[in-house]
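Peer 1: The lines below spell out each chain.
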Amino acid sequence: MHPFSVLTLGIFVAGYITARWDLVTRLYELAIFAWDYGVVSRAAKGFAALSLVFLLIFIPVERLAARESTLHPRAPGSENDGLMRIFWPADLPRSDLRGVVVGWRNSALDVFVLAILEEVEPRNVDSALKLGTLTRNAPHPVSRIYELCGQSSLHILGLSNTSEDVHIDPSWIRATIGPSQQVPIITCARASNIQIILFERPLPGRMQYISLNPIALALGDKHDTFRILDSAEQDDEREERLKKEKKKKLVEKLKQHSIFKRTPSAKEKALPKIVNQINWAWELEKLMQKNVSRIGTRPKRSLSVSERVVESATTMRDIVLVWLWNLMTVYVLPVIKKLFVMGLMAHRLAAEVLLTVLEWRARPKYAALKDISATAQQVEIRLQQFCYWPMQYVTLRLRKNDWESVTTSHPDYIRFYNSLWLVANDVIIGIALGSYIIDNSSWLADEISHLLTQYTVEALQSSISWLMGWPAGLKLNSELALFLGDLFLWVIEYWSSCIETLRPVLPHMIWFIGFSSFAGASMPIALFSDLTSILTIHIYSFYLASARIYHWQLNILISLFHLFRGKKHNVLRNRIDSCDYDLDQLLVGTILFTLLFFLLPTVVVFYLNFAIARMVIISLKAVFDTMLSFLNHFPLFALMLRIKDPGRLPGGIRFELRDTQDFRHAVNDTTKPIPSTSVIHLKSIPLSFKAMFHQYFQMGHRIRKHYLSPRVLLCLLTGKFVPPLDRRNLYSLQYSMLPARRAGIMEMWNAVNSLPSPKRRTAPLYIPALANGRRYPGNYGGGRSRNYG
Amino acid sequence: MLTTAPHLYLRRPSPTTAEFTVTTCPPLTVPLRICLLTISLLRVAIFTAATTTIYSRFFHDPSLPPSSPTPISITDLLYQGDILILLSHLLQTLHSSPPGQFLANITAPLSNSALALIASVITYFGLFTQLHTTESLLVLRGLGIQTSTSSSSFSSPVPNTSDGSNRWRGWKWWFWGTTPTKTRFIPTEKIRDVLINEAFRGFEVRYYLIVIVEGEEDVVVVFPKLLPGRRIVEEVWRGVRGCLYEGDPNHQSLGGSWGQTGPLGRKDS
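Just so you know, the protein sequences line up as chains A and B, in that order.
Here the first sequence is numbered in the numbering used here, starting from 183 and rising by one per residue.
Here the second sequence is numbered in the numbering used here, starting from 918 and rising by one per residue.
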């Protein structure tokens, strides 16, 4: 303390005592009083007793606890069970050189190795990590890495190929690797057993990645919402839902068997984060190896004369190229781009108008045009795709502004190119088909009109006349058969005259269909499907009429049968009651019953005839619809990717336990104790073909359930109308590629204009390469060394 | 002799990692290896016979000269790299050889469709009948558990007890291009519980191991094809509990030694 301040303090104290002298005397008296009554000795006794207790009880207990905890290392949070988990890239370059292992530390004993920086000092690496030198010159913001990998910073995890006597931090690992060694040998002071998980790094430049869940090729199930809004939820769907609920209840019950719920430890929760880290591993390692020369200070080397000559020559060439490029980007490209965007917007406006027409419903429950006609639906799908493409393209372009390891847009990429490719395919097939149709339009028209008269008129006429004359030995009621047959024949006659008037127009229609197929082969198919339903409308009406007659007759027969038994159907309670009929009622009822019963077979054969014809037409349309769905939705791009590069279609991960025998032998020559180690390989499972065609299976299941169920058979037998499958249900497949709500015109305008303009290139500045550290040859990033298993 | 009742192998390189393998393949002894090799050769023979028969019935053109005047050696064709010509040449040679003629004579009374049907059925069964089924459960503490099922028709799926090498895998990959093993990985976070369940099947009670997965409708059955007996299931259950969840010293001592591999299960009654 400064002597002057000591003097000041002394003067202050002396002054205070003089000023408050009475207080000082009081304190003095109090001390005398306490001494007289033995307060001091009592306090000393208490202190002695407490120290004794502390010495005898607390210190031994603490020692015991410490020893026990070192003997059985276990603590809540399960971080101290001595299990160390190390994720190690199997394709990391291996060498004998000394190195520093850098990576993520997810928790104390859970580390993820990213890179080994060779021939550098750990101290320098530490400071470089703190300063962010290793992630300098990153093409995109570095904070994004930390955000997606779930860690706030990179860490030094340990040293590789160091000698035993170098003292390192106890949490660091000591890895021994070499060019011939398959698996690194790892020791760590804190770990009692070790899991080494080797993985192949997916290449982000090739859009490979891994994920825990299979990649979703279809957009999310957003279309389910408006199906539920339908008031008439169909029986089979309801049944399915009930079944599901029942199952859910059972599973809930099963869950009650587990008595207590474990809280997952940090290691267990880290898995999704680790998957991201694996996806980032390649790009981050490249970045760090690029920057490794910045660590520490190294001697510099100047360029030789020949290098200078080469350098100036390349610079000259670059300057000319950049000048040309700038000319292009400044004057030509913007004009082209503006024109293109204008054209796009004009198309979008036209599409909006057409879509409004196609989707217009007189009332919310009525069918829109697209629900009735296959052509309208096809046009609608194409327009929707057209509206969605620019949005998708913008999303994919924005991907370029981010790191390549961000995997969220990869399914979008596959979807976009799949739909583009399908449309291109469709158009190519369509051009071939269309030119064929146009060339042979007259022959086709002849053929079609021939088919029409043969199958929809003459075949029907002959079958009806066959039914009129006691078919297959069945003795039908000839009067009724004659009446019904004449009725239908008369209508067919009328219809055939209609077709006759249509005949001259048919070549033009065929020509039109052929012309439309330049918009894709799906167009003529949809048109043919619609044409089929229009040209067979008479069969549909016959089917309706005969089914109605048959159904009425069946109902009357059933109620008369109840009367015959002395019962009746109580409508109010929906049950059969007994009833006392009068004699005349019974008599008339019985006579009517007999009459109708004998007339039934005649009606049945007519009904069956038309029902079969109707079923044939439905199956024909089903064939058309299947062709359409294949043309519109086939996962062509995904299939190609699956064959070309399965890494781009991840379907989950799997682990493989490797044998540690050879590993053990390698260790045995050194005498140091090695913690028990298991070597596990992590691999990505490519998406299964079944998952790719999942939507098709679902659609097939739905169709089978709708048409091949006992309910349909019952409907057919009782003459009730078999409802056709809702087009919306059938086409949930096709809409799964499109968003539920299409982007508005303004939205699209904004999105298209928000695209960043291409970067203006400046003449390359030559930055002399620091020729220090370990230089990586130019092809370092090109060839991957896959030396492990 | 070729298959046994399902029995259990355990691989536990460290106390926190264990693989339980249930297989119907007996330990690989020399006679068994010879037997398996013979079966593989037999399969190849059946396949060749079926292909030759189909060729000589449907694709062989008798108007062609039976063999070219200068016999082309197969190595020459291989160097030319035209696989189709090589194949047709091979088939022609087979057809004109005595066994090929014999086959053609035997199958002469059969009609075309019957022959095609029989040959394809025989080929299918010859190639794809599975001798052994192997199912395994891999438990990794801190990560989760993984079930896998594989049926192998060509080579033994079980690592040899003496050296435990994985050579057979390479073999199989060569044949299939990719592994036919079906795997399913369940992260620990998603595992609600691992239980032994019982079910009535006919007049017997089967015990089987199930994993209840959080947020899923169905439970996952471990060893779904083999459904080994109660002893094996209990053993696996204890092992899984000990390996997956820490803090059970009884089970930690169980796998202390390295690379422990050996038959532990007994006959499934």
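Certain hints may be false.
Below 20 Å or equal to it, Euclidean Cα-Cα: the simulated EDC-like pairs (lysine to aspartate or glutamate) are [to be verified]:
#, chain 1, residue 1, chain 2, residue 2
1, A, K451, B, E1133
2, A, K431, B, E1115
3, A, K425, B, D1110
4, A, K547, B, E1131
5, A, K429, B, D1110
6, A, K431, B, E1151
7, A, K872, B, E1115
8, A, K451, B, E1115
9, B, K1107, A, E419
10, A, K451, B, D1110
11, A, K431, B, E1121
12, A, K426, B, E1106
13, A, K435, B, E1152
14, A, K455, B, E1106
15, A, K430, B, E1152
16, A, K435, B, E1121
Quick look at which bits of chain A chain B covers, simulated, 3 or more residues with Cβ under 8 Å [claimed, not checked]:
#, stretch
17, 446-452
18, 771-781
Bear in mind the hints are in silico, worked out from the structure with no lab data behind them.
All values derive from a computational prediction rather than experimental measurement.
Built from N, CA and C at the ideal position, the CB exists for glycine as well.
Peer 1: Now look at each hint and say whether the structure bears it out.
Peer 2: So, going through the hints one by one against the coordinates:
1. K451/A <-> E1133/B: 19 Å, holds
2. K431/A <-> E1115/B: Distance ~19 Å between K431/A and E1115/B Cα, so the pair holds.
3. K425/A <-> D1110/B: Violated, at about 24 Å.
4. K547/A <-> E1131/B: Given that 20 Å is the threshold and the Cα spacing comes to 40 Å, the pair is violated.
5. K429/A <-> D1110/B: 18 Å, holds
6. K431/A <-> E1151/B: With Cα atoms ~27 Å apart, K431/A and E1151/B exceed 20 Å; violated.
7. K872/A <-> E1115/B: 31 Å, violated
8. K451/A <-> E1115/B: 32 Å, violated
9. K1107/B <-> E419/A: 30 Å, violated
10. K451/A <-> D1110/B: 17 Å, holds
11. K431/A <-> E1121/B: Roughly 27 Å separates the two Cα atoms, so the pair is violated.
12. K426/A <-> E1106/B: Distance ~25 Å between K426/A and E1106/B Cα, so the pair is violated.
13. K435/A <-> E1152/B: 26 Å, violated
14. K455/A <-> E1106/B: 13 Å, holds
15. K430/A <-> E1152/B: Answer violated: K430/A to E1152/B is near 30 Å, above 20 Å.
16. K435/A <-> E1121/B: The given pair, whose Cα atoms are some 24 Å apart, is violated under the 20 Å limit.
17. 446-452: This one holds; 5 residues, not fewer than the three required, reach chain B with a Cβ under 8 Å.
18. 771-781: Violated, because only 0 residues of the stretch 771-781 of chain A bring their Cβ atoms closer than 8 Å to Cβ atoms of chain B.
When held up to the earlier numbered hints, the structure conflicts with 3, 4, 6, 7, 8, 9, 11, 12, 13, 15, 16, 18 and fits the remainder.
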